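Visitor: Sequence:
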Amino acid sequence: MRLFFYLVLLPIILLAVVIGSILTMPTSILRLALDATSDVVGLDIEVGSVSIDPTGGLTIEGINISDDEGVFARANELDVAWSWGQLLQAKIDITKFDLIRPRLIRMPILPAPADDQASPGFQLSDIHDFMPLPIKLEAGRLIEAELDMLGPTPIKFKARLTADLGGPTQEVRLLLDRLEGPEAALDLRLLTAKQDQSIMAELTARDDKNGLLSTFTQLKPGKTTKIYGLFDLDPEGNIQGLVDGDFGDLGTAKGDLALNLALDEPIKADLNLTPGPVLPEEITAITGGKLLLDLALTPRSSGLFDINKANILSPSINIDLAGLLDLDGGANDLELNFQFAPNGPLPAGLALEKSEGKITVTGKLDEAFITATQSSHAITGPDGLTLARLDGTHEWKMGLEGGGAGIQNITIKNLAHDSLDAVLPDLAARAQLRLLADGHVAVDDLSANGTGLTLAGRFGLTSDNVINLTATLALAQELPNLMAGLHLGEASLKLAAHGPLTSPNIDINGKGQNLAWAEGRMARWNLEAFAIPSEDGADIKGEWKLKAQQLVAKNDAQLRLQGAALSGAFHRQAGLWVLDDLLFLTKGARVSGHGQIREDGSDIDGNLEAMIDDPQELAAIFGLEVAGEANITLNAKGDVDDLDLAGKTKVRGLEFDKARLAQMDARFRARISEAPSADIDASFKEFVFDEITAHSGDIKLVSKIFGTTTRFDLLGDVVDLQTGPDRPLLKRAEIKGKGSYDAPDLKLDRLNFKAPGLDLLAQGRLALDAEELTLSYELDLSDMKLVREFAPEQYQDVDGRIQTKGVVAGPLASLGIKGKIAGQDLRLQDRQIAQLTGPYDAQMGDELRLNVMLQAAGGLLEEKGHLNAKMVLLGNQLNIEELDTDLAGLTAKGRLDVDLDKFTFAGDLDAASQDLSLLGNLAGLNLAGGLEAHLHSQDGDEARIEVIAQNLRFEDVQLAKAHIQGDIAKMTILPEFKGQAIIAGAKTGDVTILDGKIDIAGRLQDMQASAQIRGQAAGENITAKVKAQLLERDGVRTINLSSLSANHGAQQLSLSGSSQVIIDADGHIRLDAARLNIPGGGMLVLNNLQYGNVAEGDILLERTSLGFLKNYGLPILDGNIRGRVRLGSGKGEVEFDLEEAQIEQLPKGRPANMTAKGSWDGQALRLQSNLNFGTKSTPIMITSNLPMKPDAGGLPLPDLKGQSSSRIQYDGDISGLFALAGKTDQTLNGATRIDLNIGGSVVGNQYINGQINISGGTYRHLIQGTYITNLTV
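Residue numbers for the sequence shown follow our numbering, beginning at 5 and rising by one.
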């Protein structure tokens, strides 16, 4: 039967030839028709001979039909006869159709479609174009014909032929009935479709045993798809058979089918579907690679079935249908449950863990009520899309005349995406959908709600594709920050679209407040925009306006942009996009421009101009504070393959942070083409950064491309570089460079940076593909002015010359550096080394290997010294393989393995010096003596350190012997240390320390220390003991004194309680409280003392006896003193009382009493004092102005360069003062007035002037008897 089908195709193909013959008539034109037919169908048709009877007959002999692989069909002869009687009714009466010995050798292969219109190839549209006008043909009557198919005995049949040609689809139908032999009938229908380039053949045949054969074949260029079915049909209408479908690469379908045409018997189906390899992998993921259909229906009555079983099963899908199916009435009650767990990616890159749901159908099928629920879990997609869960409920009522209406509800949990920096925890959407019978679509209630998000709108689409859309989006403060550093605040956005679907008018309006980003925030904004396409959607025009108010920098409310506006218009016409009237306005700034470009990248023409008179507000939105003026222009012309860019920049009075630029003018031009080039030229005046000033300068960069090589030249010139007023650093600095780039190599022919006292020269090559660098360099620092300018103060007195040169070579990941260094006449203050020379060698990579061998000689070094080191750095491991130093009398040798991360080491280091004087001279210290040091660690976890010094002298301190030893345990960056230092024979001035011991234990940031010493001072024995805890956190040091005691002879000093001293990272000292028991039985109380920049606090001296002072050579025998000093804000107050002070030079019975009060203003101490001797004497008044200035910590100290002044006043009897002379045999009485001024330089010449008046005085010498009265001086 299948062979019969293929053979029937032969006359159908030849039918086109027959029709061409009918229409063209002459034999010569028939040849042309055959050629045209060959071109149309893409097959070669060859004939031996052709004869035409004009009255209605055609005979063709020797027919061969070929495709690209050769002949696939033959026929000996075709004899056709017809009648012209019904031609005017578009009917032809075929009276004879004999095909003699046709043979089908194999199935034909149709040519693939052409890639473009200009290429040769088979196009089914050619068949349709072959018929210029639609035409219908129909045989006038049934005819008898012979078909020689299987041998010499022809098969006789009667046939009827119809044809519908020339339209978008063409149909040819042939009905055959066998005339002799067993009964058989065949109905063949061929259709061609122009749109999808296909030929479809449908064949139905019946034999004399009621056997039924039905096949369907679809032919497409290059492919053949077949569906085959074979069924038995009994007289009762029961059909049982099998289905075998082969879709080529699309897959296969196999199975069994049983049904009754009257639908009054059970229906069963069991099918196995397998997708083919050509289908997307998403189909395999959905089906799991195969589908099993198991169906069993039991009829109740006509059209009413019980669904006993309806199951679709695969590795990914399980679908069950149950209920009652009513094809004719309204008794339908169906329920479908499904579970879906795909085993691979879904369409559009989606994936999910599982999905499940239920669908119900009730009522008549054409107006059924449908409900559905579904829940999907762990959905993922492209670009980081994830949904924890997607749930939905759906209701739908079908319309009797088509369409329907329903409500859809969807909820989404934890929506995330790469473009979002936050997760949307909840999102719910609702839509009320209507579909009308005429094709109209309407969404009457569209809404979505989430955390801080609300969407509402309506949508309509008519049957003639007219759209009507309105939508409103509202955002609230609760909306998560969907983008890094951006908070949308509160906003509403309205969108409207109306018109043809392909070209609707679009309006957008929005407003918002409290918009914030990383560097600022915006109080309010408004947006208006519209777009109007042309009717065909090819062109468009539109405008937009954006206004913003109160843009404020995040960390400074003073940086505020009151308002800004951005607007513009655009249009597209005939492929040309034009931007008109681009304008950005704010206070102090205006940016405008326009431009155009075609869609093919041609006709680029545009300009942009920015005029900035006051950038303060504009810069505020970026958190910057900028002042100055700028004018920037940019022009572009050409196309994307040959584009010219030119621009200018003018800057005046720019101020930003620590930088100031008085003037800058820059010009640049670039050409982007097959031979691109670029040129940049800039000049500036008065550039200031912090304390560095450049008077003027020029920078120029020129690059040109020749073939594959880009050459460039760089010139730079800076004039009068200073580091402060009247501090010239470089009169002129020049940089010159030239090189080239020829992919993949970048070559630096020469780079030279030159300035007075500095010359750097480099040249080399960088291979970008191999990532290898070869670079040679030479540096000559002949003037140490640069070093002096930027070195710390203690190293500014430096001089000499340093030269170095070397080569850098190798892969970038493991560069090698080799070079030599030479220093001449190096001097630091008064310390000098004549020469410093030696090579260095470094190898970088995963590990860094460094070898240094330096030699130094001359100057303070009496003989040559050297420093040799070999080390390897691998990650955090530093291995000093060899250290050998002999410099300035100090020798050191060792080998250490250092863990830089844990700050631990293992190895040995020994150092010794018999004479430290040379080393002291190099360090600028008055140092002498001998030293030995040993450091040893076995495993990097513990270490032993020992230092021995003898006959050590440092400044004015002498030390006969010192021995320091200890253990470091748990070595980290904060090691735990336990050790002891013992000293003997220490002396400074008249103080001698006979012996002393210091013990410390603990971590570096939490150390317990105790010390005790024994010695002599001023002929008395001294002892001292102290215990303290030393803490350090974040650069803040704390000393907790738990005990302090000291004895000097019989005098004692001790701490009452405990005290805490805090030293911050800047060196400022704070003492909260301390009480010291001092000699004399009193107490010194310190409260809230601070020392550093400004001194503050209270010092209280409680009533204390002065008798102990005579032990220290002071002429005070007895008495008491008390007082207070208060400091704060750079000022201070002082007061003290001296009571009954017995001074050795004063006569007995004349103790000194003094009260004093004063204030310090940061420059001088102004003191008012009253002094008397004895309880009944007249006081002496003293007013003093003493120069005192704060030291670095704020403590007032005498200003030795200042001027002092004092006034002494006395108004009383002279007898009290005369008695102080201790002349017991003499007396002097009389009214006395004294007014003296004393002053001058503190350490220089002094002056005294004033007056002393005595009136009515009487002098007596009791032994000599002298008596003088009425004495006046």
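Hints in this document: simulated from the structure, not taken from any laboratory. Treat each hint with caution, since some may be false.
Label-pair restraints from in silico Cβ distances [as the list claims (entries may be wrong)]:
id	residue 1	residue 2	range
1	D310	K362	16 to 24 Å
2	L580	W548	30 to 38 Å
3	E175	R304	35 to 43 Å
4	D310	M487	52 to 60 Å
5	V995	D1229	40 to 48 Å
6	S423	G443	29 to 37 Å
Here are the simulated lysine-lysine pairs, BS3-like style, with alpha carbons at most 25 Å apart [said to hold, decoys possible]:
id	residue 1	residue 2
7	K545	K689
8	K1193	K1161
9	K641	K689
10	K751	K740
11	K417	K401
12	K1152	K1031
13	K549	K591
For clarity, every value in this text was computed on a predicted model and none was experimentally measured. No residue lacks a Cβ here, since even glycine has one placed at the ideal position from N, Cα and C.
Visitor: Starting from the hint 29 to 37 Å, judge whether the C-beta atoms of S423 and G443 obey it.
Guide: holds (36 Å)
Visitor: Given the hinted pair K1152 and K1031, is their alpha-carbon gap at most 25 Å?
Guide: violated (45 Å)
Visitor: Within 25 Å, alpha carbon to alpha carbon, are K549 and K591?
Guide: holds (17 Å)
Visitor: Taking only the CA atoms, is the gap from K751 to K740 under or equal to 25 Å?
Guide: holds (15 Å)
Visitor: Between K641 and K689, does the CA-CA distance stay at or below 25 Å?
Guide: violated (32 Å)
Visitor: Using the Cβ atoms, figure out if E175 sits within 35 to 43 Å of R304.
Guide: holds (41 Å)
Visitor: Against the 25 Å threshold, does the CA-CA distance of K545 and K689 hold or violate the hint?
Guide: violated (47 Å)
Visitor: Below or equal to 25 Å on CA atoms is what counts here, so check K1193 against K1161.
Guide: holds (19 Å)
Visitor: Against the range 52 to 60 Å, how does the distance between the Cβ atoms of D310 and M487 compare: consistent or not?
Guide: holds (58 Å)
Visitor: Holds or violated: the 30 to 38 Å window for the beta-carbon distance between L580 and W548?
Guide: violated (19 Å)
Visitor: Take the C-alpha atoms of K417 and K401, compute the straight-line distance between them, and say whether it is at most 25 Å.
Guide: Given that 25 Å is the threshold and the Cα spacing comes to 28 Å, the pair is violated.
Visitor: Honestly, do D310 and K362 meet the 16 to 24 Å range at C-beta?
Guide: holds (20 Å)
Hints 2, 7, 9, 11, 12 from the list above are not met by this structure, while the remaining hints are.
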